[in-house]
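Here's the letter readout for the chains.
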Amino acid sequence: MMKRTEFFFIFITIIFLQFIICDSAISCVGRILNLAVDSSPDQQTVGNVLAVFINERTGTTVNLKSCSDIHECQDMVKRGDADIFISYTGPASSAIPGIRQGNTAQETYSLVKQYFIHNYSMIWLRPFGYHGPVDQYLQSDSDQDSLAAAVITRKVLNKFPVLDRVINKLSGKIDDAVLKELVQSSDSGKDKAAIKKFLKQRNLI
Amino acid sequence: MVKLARFFFFVLNVFFLLYSSPAYAVQEINSKTEITSDTVWQGDILLKGDVRINRGATLIILPGTNIRFKKIKDFGPDKLSLDKANHFPRAELIVRGRLIAQGLRDKMITFTSAEKRPSVSDWGAINFIGSRDNILEFCSISYGHTSIHCHSAQVLVSRCRLHDNGVAIGMKNIRGMDIKCAVPVVYNRIWQNGGGILIGGSANSIISHNQITENKFFGIFTKKSGPCCIRFNNIFKNAKGIILYSVPRLILRENNIFDNSDYNISLLEGQEQDVDARYNWWGSTDLKKIRSSIKDASSDKGLGRVRICNFANEPVSGAGRF
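Keeping their order, the protein sequence lines are chains R and S.
Position 137, counted from 1, in the first sequence is what this note's numbering calls 187; the numbers after and before it change by one each time, with no gaps.
Position 123, counted from 1, in the second sequence is what this note's numbering calls 1237; the numbers after and before it change by one each time, with no gaps.
Pulled out of the complex, with its shape left as it was, chain R reads as follows:
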């Protein structure tokens, strides 16, 4: 008669082996990264820049998924329906109850980053350089700084280990003037050749 502990040990071993076998059997279809973006020109443009850049530098296919605003994008990532989204420190900090605004844009970024890691296990990557809307619902630029950055979960980073390194290479490369030019030249991200040209000119791909 098999002892209960022996049965338990064998059961756990089988489960463990199944996990290893299933985990390793990733198809050659390739990994797909889902990026949530809203319909605004800057989200569409930078979303497509990210898609081309990530694909070129990692071989990963990037799928753009639509959401109505950045709060919905964030919810999609929380639910696991998307892997990454582009957010702004302004609306992100205003949606956090009790968080104090930093004295500088960089300080606000640090506070938001810290809050997201502790509360959502999400990591704010380095800011792109341009300023997003201060309030998502007003969709207006004001004299306050609201830094734009890609936000990704720890879980997704474990799955795509070089992703943060790749995306951080765009840090400081897309300021307001560059973004404006990119939105125009790429027709809000639709023209992939213009995006490739932009990345190539800056030696990024």
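Hints should not be assumed to be uniformly reliable.
[Claimed, not checked] As a list, the in silico DSS-like pairs of lysine-lysine whose alpha-carbon atoms are at most 25 angstroms apart:
{"#": "1", "chain 1": "R", "residue 1": "Lys247", "chain 2": "S", "residue 2": "Lys1351"}
{"#": "2", "chain 1": "R", "residue 1": "Lys115", "chain 2": "R", "residue 2": "Lys246"}
{"#": "3", "chain 1": "S", "residue 1": "Lys1415", "chain 2": "R", "residue 2": "Lys223"}
{"#": "4", "chain 1": "R", "residue 1": "Lys240", "chain 2": "R", "residue 2": "Lys223"}
{"#": "5", "chain 1": "S", "residue 1": "Lys1403", "chain 2": "R", "residue 2": "Lys250"}
{"#": "6", "chain 1": "R", "residue 1": "Lys246", "chain 2": "S", "residue 2": "Lys1415"}
{"#": "7", "chain 1": "R", "residue 1": "Lys246", "chain 2": "S", "residue 2": "Lys1351"}
{"#": "8", "chain 1": "S", "residue 1": "Lys1330", "chain 2": "R", "residue 2": "Lys246"}
{"#": "9", "chain 1": "R", "residue 1": "Lys247", "chain 2": "S", "residue 2": "Lys1403"}
{"#": "10", "chain 1": "R", "residue 1": "Lys219", "chain 2": "S", "residue 2": "Lys1338"}
{"#": "11", "chain 1": "S", "residue 1": "Lys1402", "chain 2": "R", "residue 2": "Lys246"}
{"#": "12", "chain 1": "S", "residue 1": "Lys1337", "chain 2": "S", "residue 2": "Lys1351"}
{"#": "13", "chain 1": "S", "residue 1": "Lys1415", "chain 2": "R", "residue 2": "Lys250"}
{"#": "14", "chain 1": "S", "residue 1": "Lys1187", "chain 2": "R", "residue 2": "Lys115"}
{"#": "15", "chain 1": "S", "residue 1": "Lys1415", "chain 2": "R", "residue 2": "Lys219"}
{"#": "16", "chain 1": "R", "residue 1": "Lys205", "chain 2": "R", "residue 2": "Lys115"}
{"#": "17", "chain 1": "R", "residue 1": "Lys240", "chain 2": "R", "residue 2": "Lys209"}
{"#": "18", "chain 1": "S", "residue 1": "Lys1198", "chain 2": "R", "residue 2": "Lys205"}
{"#": "19", "chain 1": "S", "residue 1": "Lys1198", "chain 2": "S", "residue 2": "Lys1146"}
{"#": "20", "chain 1": "S", "residue 1": "Lys1330", "chain 2": "S", "residue 2": "Lys1403"}
{"#": "21", "chain 1": "R", "residue 1": "Lys250", "chain 2": "S", "residue 2": "Lys1198"}
{"#": "22", "chain 1": "S", "residue 1": "Lys1403", "chain 2": "R", "residue 2": "Lys246"}
{"#": "23", "chain 1": "S", "residue 1": "Lys1337", "chain 2": "R", "residue 2": "Lys205"}
{"#": "24", "chain 1": "S", "residue 1": "Lys1338", "chain 2": "R", "residue 2": "Lys115"}
{"#": "25", "chain 1": "S", "residue 1": "Lys1198", "chain 2": "S", "residue 2": "Lys1338"}
{"#": "26", "chain 1": "S", "residue 1": "Lys1185", "chain 2": "S", "residue 2": "Lys1230"}
{"#": "27", "chain 1": "R", "residue 1": "Lys223", "chain 2": "R", "residue 2": "Lys250"}
{"#": "28", "chain 1": "S", "residue 1": "Lys1337", "chain 2": "R", "residue 2": "Lys246"}
{"#": "29", "chain 1": "S", "residue 1": "Lys1338", "chain 2": "R", "residue 2": "Lys242"}
{"#": "30", "chain 1": "R", "residue 1": "Lys209", "chain 2": "S", "residue 2": "Lys1198"}
{"#": "31", "chain 1": "R", "residue 1": "Lys219", "chain 2": "R", "residue 2": "Lys205"}
{"#": "32", "chain 1": "S", "residue 1": "Lys1338", "chain 2": "R", "residue 2": "Lys240"}
{"#": "33", "chain 1": "S", "residue 1": "Lys1402", "chain 2": "R", "residue 2": "Lys247"}
{"#": "34", "chain 1": "R", "residue 1": "Lys115", "chain 2": "R", "residue 2": "Lys209"}
{"#": "35", "chain 1": "R", "residue 1": "Lys205", "chain 2": "S", "residue 2": "Lys1338"}
{"#": "36", "chain 1": "R", "residue 1": "Lys250", "chain 2": "S", "residue 2": "Lys1402"}
{"#": "37", "chain 1": "S", "residue 1": "Lys1221", "chain 2": "R", "residue 2": "Lys219"}
{"#": "38", "chain 1": "S", "residue 1": "Lys1330", "chain 2": "R", "residue 2": "Lys247"}
Calculated directly from the structure, the hints in this document are not laboratory data.
Since the model is a prediction, treat every value here as computed from it, not as a measurement.
Guided by the hints, dock chain S onto chain R, whose structure is given.
This is chain S only, laid out in the frame that chain R set:
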């Protein structure tokens, strides 16, 4: 008495031949099917779903055979397996047993789409899983997803023509499987696919004497592969000639790698190891020009360096030659 004995042996021989020879299938139309005993295909074969060669069975395909795959519903009722990790959404020829497809130079075996207007990924793959002693020779393969797909399998791919596929050839090892991937790819012409040859998951391969051209994304992509040997190939007019990601060891020499529109060699993020790429022809003897066609540490400090000293001063003779 002798005559009777001879007659008896004759009957015995006929009986033996009849019952031991494989079944012939001509103009066969299959839905999802399993091949459980040795079988020969010839003529026109239309596959309307997955066909799996089970362990212990061998499928022999005769020269001149034309195998066409219907475009079926993704993971629909004509699929044998819904395991998305190892299978493709559309129809596949799944090889768990053994496949011998040896055409002739003037009588090639064709694997293609059955659609009137064929397009990439109309069908999935010739999907070798945990299988060995397979041969694909003088085959023309088009419009598949990853047309020759090897998971822990051993296949010789020789003198084939692969075009208009998502990826022409893909291979990797699967943890827990006894058989280690070994796929020699020699004397093939691989052109106008999304990607040419994808080597992943510690798979070993010898890529030699192939013509790899006009592939939309890459000619050869090795990611976390085992030791591979890439010699005597012509790799030109692809978007990227060769892409490397996390490849510790590689023999990459005596190839003609030139005129690839993005880069002749591109190291991806994560390829921190240097790459020995001496003795190749890069389409020029101008060092600056050669360097500009290589993405490595010279433009991105986080990457390894591609060593190109002792580059060939003229095209490597004997490379390609399909």
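Consistency of the hints with the structure:
no.	hint	in the structure
1	R:Lys247 / S:Lys1351	holds (19 angstroms)
2	R:Lys115 / R:Lys246	holds (21 angstroms)
3	S:Lys1415 / R:Lys223	holds (17 angstroms)
4	R:Lys240 / R:Lys223	holds (20 angstroms)
5	S:Lys1403 / R:Lys250	holds (16 angstroms)
6	R:Lys246 / S:Lys1415	holds (21 angstroms)
7	R:Lys246 / S:Lys1351	holds (18 angstroms)
8	S:Lys1330 / R:Lys246	holds (15 angstroms)
9	R:Lys247 / S:Lys1403	holds (19 angstroms)
10	R:Lys219 / S:Lys1338	holds (23 angstroms)
11	S:Lys1402 / R:Lys246	holds (23 angstroms)
12	S:Lys1337 / S:Lys1351	holds (21 angstroms)
13	S:Lys1415 / R:Lys250	holds (16 angstroms)
14	S:Lys1187 / R:Lys115	holds (24 angstroms)
15	S:Lys1415 / R:Lys219	holds (12 angstroms)
16	R:Lys205 / R:Lys115	holds (19 angstroms)
17	R:Lys240 / R:Lys209	violated (28 angstroms)
18	S:Lys1198 / R:Lys205	holds (21 angstroms)
19	S:Lys1198 / S:Lys1146	holds (17 angstroms)
20	S:Lys1330 / S:Lys1403	holds (22 angstroms)
21	R:Lys250 / S:Lys1198	violated (35 angstroms)
22	S:Lys1403 / R:Lys246	holds (21 angstroms)
23	S:Lys1337 / R:Lys205	holds (22 angstroms)
24	S:Lys1338 / R:Lys115	violated (29 angstroms)
25	S:Lys1198 / S:Lys1338	holds (21 angstroms)
26	S:Lys1185 / S:Lys1230	holds (11 angstroms)
27	R:Lys223 / R:Lys250	holds (13 angstroms)
28	S:Lys1337 / R:Lys246	holds (23 angstroms)
29	S:Lys1338 / R:Lys242	violated (29 angstroms)
30	R:Lys209 / S:Lys1198	holds (18 angstroms)
31	R:Lys219 / R:Lys205	holds (21 angstroms)
32	S:Lys1338 / R:Lys240	violated (33 angstroms)
33	S:Lys1402 / R:Lys247	holds (21 angstroms)
34	R:Lys115 / R:Lys209	holds (19 angstroms)
35	R:Lys205 / S:Lys1338	holds (21 angstroms)
36	R:Lys250 / S:Lys1402	holds (17 angstroms)
37	S:Lys1221 / R:Lys219	violated (52 angstroms)
38	S:Lys1330 / R:Lys247	holds (17 angstroms)
When each numbered hint is compared with the structure, violations occur for hints 17, 21, 24, 29, 32, 37.
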